[in-house]
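Participant: Sequence:
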Amino acid sequence: MKSIKQVFNDAQVINKNEIHEECGVFGVYGVEDAAVFTYYGLHALQHRGQEGCGIAAMDHNQMEIHKGKGLVSEVFHDPRMAELTGDIAIGHVRYSTAGGNEMANIQPLFANLLQHQFAVVHNGQIVNAKELRMRLEKQGSIFQGTSDSEIILHLIQRSKGSFLTRIKNAFRQLEGAYACLILCEEGIFAIRDHHGLRPLSYAQLHDGYIISSESCAFDMLNADIPHDIKPGEIIWFHREGIHKDCYRIAEGCHLCAMEYIYFARPDSVLDGINVHEARVKTGICMAKKDRDRNLTADIVIGVPDSSISAAIGYAKESGLPYEIGLIKNRYVGRTFIQPTQKQRERGVRMKLSAIRAIVADKRVVLIDDSIVRGTTSRRIVQLLKEAGAKAVHVRIASPPIIYPCFYGVDTSSFEELICTRMNCDELNQFLKADSLQFMGIADLIESYHSNSLCVACFNGQYATKLFSYGEIINTYQNNPIKK
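Numbered per the working numbering, the sequence shown spans residues 2 to 484.
No lab work stands behind these hints, which were simulated from the structure alone.
There could be a bad hint or two in this list.
Claimed, not checked - Straight line, CA to CA, 16 Å or less: simulated EDC-like cross-link-like pairs of lysine to aspartate or glutamate:
#1 K391 to D306
#2 K386 to D299
#3 K289 to D60
#4 K329 to D299
#5 K231 to D208
#6 K245 to E234
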């Protein structure tokens, strides 16, 4: 029997077999009690980061910031919210990839200069951060944390001209994926990287505006129809309205495919595509392929939550009943403990459980969004078979992830990607499934009706120069991981 301490540790473990996005940003301009709206907006974006959060608010040129580790509901409460007054605010939810989860890395980051003060929130990852930081340190810059977001403050400070000009000069030096909001006396500046790797949009609310990483936050606040900020675009929200400018020529739009596959909420619309509808189409595509394979099964289930839409699509096309065969425990706690492998495996059982009455004596089609490290998928197959499933056919609503991501997703090495080491047959044996199939890249693009996707984690064709991260690719090419 487990001790109380063991049970507690199991419940507190972060499941490192999942992938995580770095964070989400939200801003409000020209709306009374802007910090309160930002609080609700961050709630809607909580799925993008649970390690820490923060809000900066501006009232009569006086800025107040509060941030801390934990969920939005844990960090903010009535006394703290009462201090965040004014009609301008920006906020952030964080999951750390670049940099750790130290307080110095939790955003907003703040610069208090003699003639100016401003705060920055940033979602994504700057691939030339190492080179920029080395140059800035040689020029005398002193960094408080390890997050690449802090580089933005120093680049703005070292530029000259109007504040808009300084921002444009700073962001021209950045390479990578980012959606960024800057709060200052002049208003809010919203900037999206010139490759469009990270989503960012805005909508009108009352007589002001709100800006968000995902449009699901707009629906909750009953805002107007959202507008996507274009790659390479900077929008300045100020007293006279909005001013649009281009700080760098866009190199197409390469929105991260994992936004549709995994990260975004199903009710969000990214670059004009509804996430739920896109995921449903992937399920339909997989069902058509299985019809050609003459697959026989009894029910379709999805791994909650991001795979449910694809499972619905598969069931619709195949004619098989969609069932809730897995239940997710939404009260498993979080911690910053680095788990052991044994703890990870216990954590899967604590997080998910199979419904025996649904899956017993059934041939199950199990829909999942992706496979990263493989341990979670193997454990889910085991859970279903222990619950009496006669067969488990695993279908993955994305291609195999065989390349690391350097744009803000915490898969930055080949070693942690099981599809780098195993082909489909080998992985099927590892999972102990009855069959395994992935989406093809062409099928994925067709399902989303978009040729403007970053699929680098599937094919290694990165949208940007990788700078120091290129050493990881070169090392792998010279010494490939043996399968």
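Participant: Now look at each hint and say whether the structure bears it out.
Facilitator: Here is what the structure says about each hint:
1. K391 to D306: violated (24 Å)
2. K386 to D299: The hint holds at about 14 Å.
3. K289 to D60: Roughly 57 Å separates the two Cα atoms, so the pair is violated.
4. K329 to D299: Violated - the C-alpha atoms of D299 and K329 are around 22 Å apart, more than 16 Å.
5. K231 to D208: violated (23 Å)
6. K245 to E234: Measuring from Cα to Cα gives roughly 7 Å; hence the hint holds.
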